[in-house]
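**Student:** Based on the sequences and whatever the hints tell you, model everything.
Residue numbers (the working numbering), protein chains in the order written: chain A, 1 to 728; chain B, 1 to 728.
Please keep in mind that the hints were generated in silico from the structure rather than gathered at the bench. Some hints here could point you the wrong way.
[Unchecked claim] The list that follows gives simulated cross-link-like pairs (lysine-lysine, PhoX-like), each with its CA atoms no further than 20 Å apart:
1) A:471 with B:134
2) B:633 with B:702
3) B:637 with A:360
4) B:550 with A:637
5) A:134 with A:214
6) B:527 with B:505
7) B:702 with A:314
8) B:223 with B:91
9) B:647 with A:360
10) A:647 with B:134
Letter by letter, the chains look like this.
Protein chains: 2
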Amino acid sequence: MRSLFALISSSISIRRRCVISPLITPRRRYSLSSYITGRPMDATAEQPLRTTLADKIARIETQGNSVRQLKASGAAKPEIAAAVDALNALKLEKASIESQLQAAISGNVVNRDAFRQAVVNTLERRLFYIPSFKIYRGVAGLYDYGPPGCAVKSNVLAFWRQHFVLEENMLEVDCPCVTPEIVLKASGHVEKFTDLMVKDEKTGMCYRADHLLKDFCKEKLEKDLTMTAEKAAEFKHVLAVLDDLSPEQLGAKIKEYGITAPDTKNPLSDPYPFNLMFQTSIGPSGLSTGYMRPETAQGIFVNFKDLYYYNGNKLPFAAAQIGQAFRNEISPRQGLLRVREFTLAEIEHFVDPEDKSHPKYSEVSNLEFLMFPREEQMSGQSAKRFPLGEAVSRGIVNNETLAYFIGRVYLFLTRLGIDKEKLRFRQHLPNEMAHYAADCWDAEIECSYGWIECVGIADRSAYDLRAHTEKSGVSLVAQEKFSEPREVEKLIIATVKKELGLAFKGNQKMVVEALEAMDENEAMNMKATLESNGEAEFHVCTLGKAVTIKKNMVTISKEKKKEHQRVFTPSVIEPSFGIGRIIYCLFEHSFYTRPSKAGDEQLNVFRFPPLVAPIKCTVFPLVQNQQYEEVAKLISKSLTATGISHKIDITGTSIGKRYARTDELGVPFAITVDSTSSVTIRERDSKDQIRVGVEKVASVVKEVTEGQSTWADVLNLYPAHSSASADE
Amino acid sequence: MRSLFALISSSISIRRRCVISPLITPRRRYSLSSYITGRPMDATAEQPLRTTLADKIARIETQGNSVRQLKASGAAKPEIAAAVDALNALKLEKASIESQLQAAISGNVVNRDAFRQAVVNTLERRLFYIPSFKIYRGVAGLYDYGPPGCAVKSNVLAFWRQHFVLEENMLEVDCPCVTPEIVLKASGHVEKFTDLMVKDEKTGMCYRADHLLKDFCKEKLEKDLTMTAEKAAEFKHVLAVLDDLSPEQLGAKIKEYGITAPDTKNPLSDPYPFNLMFQTSIGPSGLSTGYMRPETAQGIFVNFKDLYYYNGNKLPFAAAQIGQAFRNEISPRQGLLRVREFTLAEIEHFVDPEDKSHPKYSEVSNLEFLMFPREEQMSGQSAKRFPLGEAVSRGIVNNETLAYFIGRVYLFLTRLGIDKEKLRFRQHLPNEMAHYAADCWDAEIECSYGWIECVGIADRSAYDLRAHTEKSGVSLVAQEKFSEPREVEKLIIATVKKELGLAFKGNQKMVVEALEAMDENEAMNMKATLESNGEAEFHVCTLGKAVTIKKNMVTISKEKKKEHQRVFTPSVIEPSFGIGRIIYCLFEHSFYTRPSKAGDEQLNVFRFPPLVAPIKCTVFPLVQNQQYEEVAKLISKSLTATGISHKIDITGTSIGKRYARTDELGVPFAITVDSTSSVTIRERDSKDQIRVGVEKVASVVKEVTEGQSTWADVLNLYPAHSSASADE
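**Tutor:** Structure below.
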């Protein structure tokens, strides 16, 4: 059976939302444990190889001894030669098994690393992104989006607004990043938004404790091929439970394995929690602590009352926010995936906990895609493709609204260009989820770093609104007005303080509180017992013992009351998007190479759909010539007028090189001016070209970039142009 | 003559960019000195009234004495009565003059305050904005944009991208807010981005020193009507020079006037500088100081090299950035105008300092609008309307590129809906500008707080790139390759160290440096003097005295050299937009009230152009009825498909009330469903209605909101609908 943990633990969680459950520390939801691989290591292949290798090594030792003995005993040359041949044969077999094992362990790591390097090189060279403050040697975990990256980001956000905010009439808000401490105390971030850190005891350099342990185990598993199966199993177990280790357990393992500071080999401190929020001070007094928000959601929760009113005091409704969030990572790694400042896009959909149906559910219920429910993870199976509607009817997805958002997220990501085969929705395991959460799914995208959590979709029940109600004293609730008053039975527990005081003296208060806290069942049982026996045994939690309650100490009854409305705390269903992560995965999924025409080099291409392409179109005069340049400028002007972003290139570079340059930016269409009346439009991936009149070209490009027509449509409408140019 | 300072000093500067000139502290560029009035106080009316009032008071005293004397001397009753009548008449005259003076002083303050209150009430009630963290009693200077405000902001930014980035093919970047200290040391912010602060010596409460002095002077001028003309002049002078006072001078004035802490009346500390950046710590060590960026520009400057390369190593080009900026104000006032976190949109246009022409200059040179050049300000005149081209040809605006951006900013603001009559471009005075700046203009918008700087357009010369070159050691320069090598004459100053050492001993180094620093003129003069006299007197700054240079100490010559390129630091022209301020002014300029049909109340309207309106259209069934509701939903769907943001309101509220509700949100069009085949579209400001077929309504609304047609166009095309509804 495959390791359960290996299957699920390579996801990177985007959200370290504070939770109450002591099991789920922010750390566990964020760490990248086990191998950073696209697929879990093939344990079935690895184990027998390790055994065979151990066997070969033993046999080599034995055979080596035989050779030495033969030599020492002065045996015949042919006999010695035969023994040496056998030894050499064993050594060859060992080498072969070693390389098989190495391959099994590292899997496609090498290819994947090379692929990633090719993508990242292209991204950096073409300024999709730039390490921030590069001329000052940069700051780990901070990146700039350069011009094409910034355009992609702005397109992704515009589509997000269109797909979610506009489509669902969401209430978009825009709150500050600077947040006063009290808000983040209420949400739990001040107390719990931490990672465990160790310090180099001599230099004071800081490391993430779980990273050091993880690196140690990984390196052992990858490099120490002679390790026993038991030892390998132990390291794998550590990797699997990494996220659940207490600070003490983590510290003990670090000591046990003798792990030291990677840079100096100095001893390390015990692990201790480090809060990941950037702290600052609001105003000049130094007395008012503030933090840079670690998520945008709190800004929505604190405004619930106003937003509910704005929505005509009606549920359900959703609020949304796009904005920067900040996490002061201890030691950021993995390039664009784990950064100290990033753009989040979050939706908080407020809904009546008693009615989580969704009017547009039927629009997504037939969608089919990879889902990875809890059950499949626990039983070691893999993600399966089935209709979303089935997941709801089988009770796998908790409710229609949650499912609706899962479906909408699927549509959003795939329309951006995320590969359907590398996208799965993984349900949180029970111990992964906060105790108050009703259900939780992550949209995970596979890239060279493994399966990355890019969107979290959680039914957080009433937790957040209750936390702020409690801290602020402002009641964040909704009302359902009944069309006519409803009769309800209310339980009345009337304690007789005088009698209770006489009987319990100093303990009276705790007994009274325990009595008043009884639920209907308990109370009615006590009533019956008191009526039949005159007294009842009653366990008082806060006293840690049972007391005897007499009939004259409490009156229990039920009263009928008319109620005109129901007051309740809405549940919140929260899809939360890590925009930077989605964009990085999109870069990997869109990247490919193809040989140049001469076949002497590999050319890079990003196959961005027009929706996200940083520039929609380029305009080139075929040759440097005043007339063509003027036509190019004319076309540029009409493209600007229709709102199509484009680039005009009037350099004398060969047309082939100019195509290659823009393919590498993912520009979907290129207009080449080779006459003053008509021009060609070339599609990036097929390299097909059509011929279109100068006056029409802007509107054709607009149609195909905005999706009114497909390339296939226009290919039918306009004459094909077969390139006679030697460059293409 | 009007006070020069009163004319210019009511602007609020958006930019506290650090400058080197000691005269221009960040404070001066930001403070709101003098009266917060739309127009300067009418000093010509005030002065004679003060004199007359002083005269009346003196005469009342004299007459009062006469009455007392008459009474004491037992004069005849009619005589006493006549004297008392005269006294009363004088008192009446005094009261009348007092109220005239009061009116002259406060001008339209009262009306303006009432107008502002009406706007702000509407904005807050309809959630255009919300004081952040309201349920926790908020934080001064932090505001959320609620749904309609957020939509307006997003529309303004989208138009900014369209109007500037797309139109000019600018390179947009997106850099983090968290910035390491070294970057802001290079820019000067760590040292100079400060305001002067005083502390309540007992409670530690902090105040802006200049605000306290300003408030004191203002109150005196407004409330103390019996003040002498000399005293009034003194207070006005203080207000005028407020920004130029040193910490010591400011402290002395506070002491002289006996100003105490406003809340406690406790004594105040001396003023001291407080850095306005939010400070934080990057990473866990606590050793790496960071700040939340006070502006977005630095992110562009540090990337100059990459961006220049991206642009094919060609000038000019512009980079742009939209993002949050942070200023930890000491005590924020004035609502949305002075906040601790805000959105900036900045452009850095890099240009060859020897060629600041602009290819598209002719597209703006005929624009005419209010300009307020330095000369007019200094000579006490007011802003004048003349063509931009004239300002350039007369040398008022320094260069074409600067003028081009002034013109583009004018078009941007007025297309958003800023009132042309309340928009002026004010040139910085010489002492307002950094010493390195070539020219500087502020787009100021008049609102109830006075003339507010909303966009700064500065030619900052090579300052920023040079500062980062120096600090980082990375050369941020551009090259101009010559088509063929150019012969240039180079000045060669060869010092003879041995002779200089003998003559000047310990001072040798300073003499050598001074000699080598001579410009061509000085050097050639010295050469001539040395040749004729054998020696020359030479003033060495660093020694503070003249020395005698002999012929054998230095050889001065000119050599011809061939150069293949010119290497230079580009100039930067920087338009910097305070998006929040522009939006607030837009709110005020768009707001008006009109009587309801019944005439019993005033209804609020925002006359936003469709471009910025938060929602483009509402859909109402005329009466609650299943058929109409279905048509409304169908229309809603087709509006979503065409990308038109809208709101559907199927409540039973009267149609008039529903119109009023959406007028208050500035929704330009309302579709009322009163049949299943055709519906009406009503325009917000004219209240005109047309009748359009159900299948056409979405495309008609799209046309008029996106500007392909005007309302007048469609009014001609479709039958008018005269409302028979009693509600409208």
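**Student:** Look at each hint and say if it fits the structure.
**Tutor:** Structure-based check of each hint:
no. : hint             : verdict
1   : A:471 with B:134 : holds, 13 Å
2   : B:633 with B:702 : holds, 17 Å
3   : B:637 with A:360 : holds, 12 Å
4   : B:550 with A:637 : violated, 66 Å
5   : A:134 with A:214 : violated, 30 Å
6   : B:527 with B:505 : violated, 23 Å
7   : B:702 with A:314 : violated, 29 Å
8   : B:223 with B:91  : holds, 19 Å
9   : B:647 with A:360 : holds, 17 Å
10  : A:647 with B:134 : violated, 46 Å
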